[in-house]
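Quick mapping for you: the protein sequence lines, in order, are chains W and F.
By the count of my numbering, the first sequence reaches residue 409 at its end, each step adding exactly one.
By the count of my numbering, the second sequence reaches residue 149 at its end, each step adding exactly one.
Please note that the accuracy of each hint is not assured.
Claimed, not checked - In silico EDC-like links for lysine to aspartate or glutamate, alpha-carbon gap of 20 Å or less:
| id | chain 1 | residue 1 | chain 2 | residue 2 |
| --- | --- | --- | --- | --- |
| 1 | W | 61 | F | 113 |
| 2 | W | 409 | W | 257 |
| 3 | W | 384 | W | 294 |
| 4 | W | 61 | F | 110 |
| 5 | W | 121 | F | 120 |
| 6 | W | 121 | F | 119 |
| 7 | W | 121 | F | 92 |
| 8 | F | 102 | F | 92 |
| 9 | F | 125 | W | 124 |
| 10 | W | 61 | F | 85 |
| 11 | W | 61 | F | 120 |
| 12 | W | 61 | F | 105 |
Bear in mind the hints are in silico, worked out from the structure with no lab data behind them.
Keep in mind it's a predicted model, so treat the numbers as computed, not measured.
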Amino acid sequence: MNRRVVITGIGLYSSIGVGKEAVLDSLRKGKSGIVYDKAREEIGYRSCLTGMVEDPNLKPFLSRRQRLGMHQPAMFAYMSTMEAMEQAKLDVDFLEKNETGIIFGNDSTAGAVINTIDKLRERGDTTLIGSGDIFQNMNCTVNMSLSTIYKLKGINITLSAACASGSHSIGMGYLLIKQGLQERVVCGGAQEINVYAMASFDGLGAFSVGHDAPGKASRPFDKDRDGLIPSGGAATLIIESLESAEKRGAPILGEILGYGFSSNGDHISNPNFDGQYRSLKMSLDQANIAAETIDYVNAHATSTPVGDSMEAQAIHSILGSDVPVSSTKSMTGHECWMAGASEVAYSLLMMQNDFVAPNINFENPDEDSQKINVVPEYTEKKIDTFLSNSFGFGGTNSSLIVKKFVK
Amino acid sequence: MTREEIITTTKRFLSEEFEVNSEKITANNNLQKTLDLDSLDYVDLVVVIEENLNFKPTSDDFKKIDTFNDFYDLVERKLA
Numbered sequence: 003m004n005r006r007v008v009i010t011g012i013g014l015y016s017s018i019g020v021g022k023e024a025v026l027d028s029l030r031k032g033k034s035g036i037v038y039d040k041a042r043e044e045i046g047y048r049s050c051l052t053g054m055v056e057d058p059n060l061k062p063f064l065s066r067r068q069r070l071g072m073h074q075p076a077m078f079a080y081m082s083t084m085e086a087m088e089q090a091k092l093d094v095d096f097l098e099k100n101e102t103g104i105i106f107g108n109d110s111t112a113g114a115v116i117n118t119i120d121k122l123r124e125r126g127d128t129t130l131i132g133s134g135d136i137f138q139n140m141n142c143t144v145n146m147s148l149s150t151i152y153k154l155k156g157i158n159i160t161l162s163a164a165c166a167s168g169s170h171s172i173g174m175g176y177l178l179i180k181q182g183l184q185e186r187v188v189c190g191g192a193q194e195i196n197v198y199a200m201a202s203f204d205g206l207g208a209f210s211v212g213h214d215a216p217g218k219a220s221r222p223f224d225k226d227r228d229g230l231i232p233s234g235g236a237a238t239l240i241i242e243s244l245e246s247a248e249k250r251g252a253p254i255l256g257e258i259l260g261y262g263f264s265s266n267g268d269h270i271s272n273p274n275f276d277g278q279y280r281s282l283k284m285s286l287d288q289a290n291i292a293a294e295t296i297d298y299v300n301a302h303a304t305s306t307p308v309g310d311s312m313e314a315q316a317i318h319s320i321l322g323s324d325v326p327v328s329s330t331k332s333m334t335g336h337e338c339w340m341a342g343a344s345e346v347a348y349s350l351l352m353m354q355n356d357f358v359a360p361n362i363n364f365e366n367p368d369e370d371s372q373k374i375n376v377v378p379e380y381t382e383k384k385i386d387t388f389l390s391n392s393f394g395f396g397g398t399n400s401s402l403i404v405k406k407f408v409k
Numbered sequence: 070m071t072r073e074e075i076i077t078t079t080k081r082f083l084s085e086e087f088e089v090n091s092e093k094i095t096a097n098n099n100l101q102k103t104l105d106l107d108s109l110d111y112v113d114l115v116v117v118i119e120e121n122l123n124f125k126p127t128s129d130d131f132k133k134i135d136t137f138n139d140f141y142d143l144v145e146r147k148l149a
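All chains should be modelled from the sequences, with the hints used to inform the complete structure.
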């Protein structure tokens with residue numbers, strides 16, 4: 003079976019906006035979501051910069067039991083999923099009766115685990131921890147919460163693949179629908195944003211210390227970058243078979259054409275050209291389109307010298323020098339487990355509104371980024387097909403190609 | 070703690086924890102149904118009792134509780 007797979011809903015809970023409209027405005031304006039976080043300074047972070055979102059108040063929407071098992075990843079994902087469901091014209095009544103799956107990207111619950119252990123140390127008795135913590139502590143917290151809230155009856159798995167988690171979640175959902183095993187899948191990525199989440203990562207010295215100007219600190223592809231900035235929130239995409247979308251009268255936001263993936267099988271943290279190249283190449287081969295067809299590349303580029311350079315080389319080798327490229331991480335920071343999903347959503351917003359969001363803070367190219375067309379400013383452009391890259395620790399790579407829907 | 074103090078105190082923390090209107094917590098109402106407790110909620114009931122009254126009820130204690138009156142009796146016995 004080889005069915006067409008379309009996207010019918012997106013939802014965003016992001017440091018550059020809560021909801022699609024706010025995010026679209028930020029993408030157009032090149033608005034940064036990076037702030038200086040005093041709490042990081044107090045606990046001993048080297049870099050105190052982060053993208054920031056507030057913890058949402060879910061009491062108006064969910065029962066006590068539904069909320070008890072949720073910490074940040076699940077809370078953020080509920081917000082983005084609520085928005086995506088509304089756009090896709092889906093509700094609990096429909097979902098309960100029509101098999102729908104969920105494959106959500108998430109790769110940590112550090113804040114929740116530390117809260118639990120703090121309680122245990124204080125109370126000295128596991129039976130005084132409470133009933134919700136176990137569901138907050140598990141990596142599948144988003145899946146457990148959303149599948150029970152929305153009464154989902156299909157595939158139900160969490161995808162943990164470091165900073166490519168969100169992208170792979172869409173890719174795996176796409177494959178299941180394409181093969182006829184699912185009609186629709188809730189995909190996405192969530193990233194906790196508390197001080198515990200990124201402490202050990204900060205200790206590697208890979209984060210920017212551009213404290214004087216937080217909005218200027220994330221500088222993917224720029225020669226003067228000094229590291230990435232962590233961020234978080236959640237993004238949800240509802241993907242489904244074309245038949246299902248048309249039958250339901252759902253809006254069709256784009257069609258997923260190709261999913262490429264690879265593993266470097268190399269260093270645990272250092273990126274590698276070969277793995278990225280193979281992921282990009284596979285997505286094009288699978289989509290069965292020529293490289294020239296790609297109108298825009300949403301780069302993974304996180305603002306680290308080695309990672310950005312490898313990606314610039316891979317893009318140049320496969321797609322050449324002309325295709326417009328930007329890294330929305332210049333505005334959002336690195337949304338990690340969420341990034342692969344949110345960046346497809348950001349790119350969809352650009353495709354729907356005929357523009358390329360700027361790679362802000364790109365002022366001076368380096369040896370590799372000068373070979374590709376990094377777009378530093380808002381640029382009007384009709385996008386029919388885009389490619390979104392996501393790469394993660396452990397050498398996991400994912401590339402997705404999405405096309406404007408044509409019947 | 071007097072019986073009245075027990076009623077006032079427990080009504081406050083039970084309605085807060087289980088998000089139930091405190092007016093529904095009356096002596097002859099069924100505790101499990103009023104608070105809408107499932108097996109997981111009994112874990113949280115133990116936690117809030119320990120936090121507010123400094124004792125930990127056992128599962129055998131809960132087996133003997135039907136109404137809030139039974140619950141107040143248990144608290145009285147434990148605090149005596």
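Now for the hints, and whether the structure bears them out:
{"no.": "1", "hint": "W:61 to F:113", "in the structure": "holds (18 Å)"}
{"no.": "2", "hint": "W:409 to W:257", "in the structure": "holds (10 Å)"}
{"no.": "3", "hint": "W:384 to W:294", "in the structure": "holds (14 Å)"}
{"no.": "4", "hint": "W:61 to F:110", "in the structure": "holds (18 Å)"}
{"no.": "5", "hint": "W:121 to F:120", "in the structure": "holds (12 Å)"}
{"no.": "6", "hint": "W:121 to F:119", "in the structure": "holds (13 Å)"}
{"no.": "7", "hint": "W:121 to F:92", "in the structure": "violated (31 Å)"}
{"no.": "8", "hint": "F:102 to F:92", "in the structure": "holds (14 Å)"}
{"no.": "9", "hint": "F:125 to W:124", "in the structure": "holds (16 Å)"}
{"no.": "10", "hint": "W:61 to F:85", "in the structure": "holds (13 Å)"}
{"no.": "11", "hint": "W:61 to F:120", "in the structure": "violated (23 Å)"}
{"no.": "12", "hint": "W:61 to F:105", "in the structure": "holds (17 Å)"}
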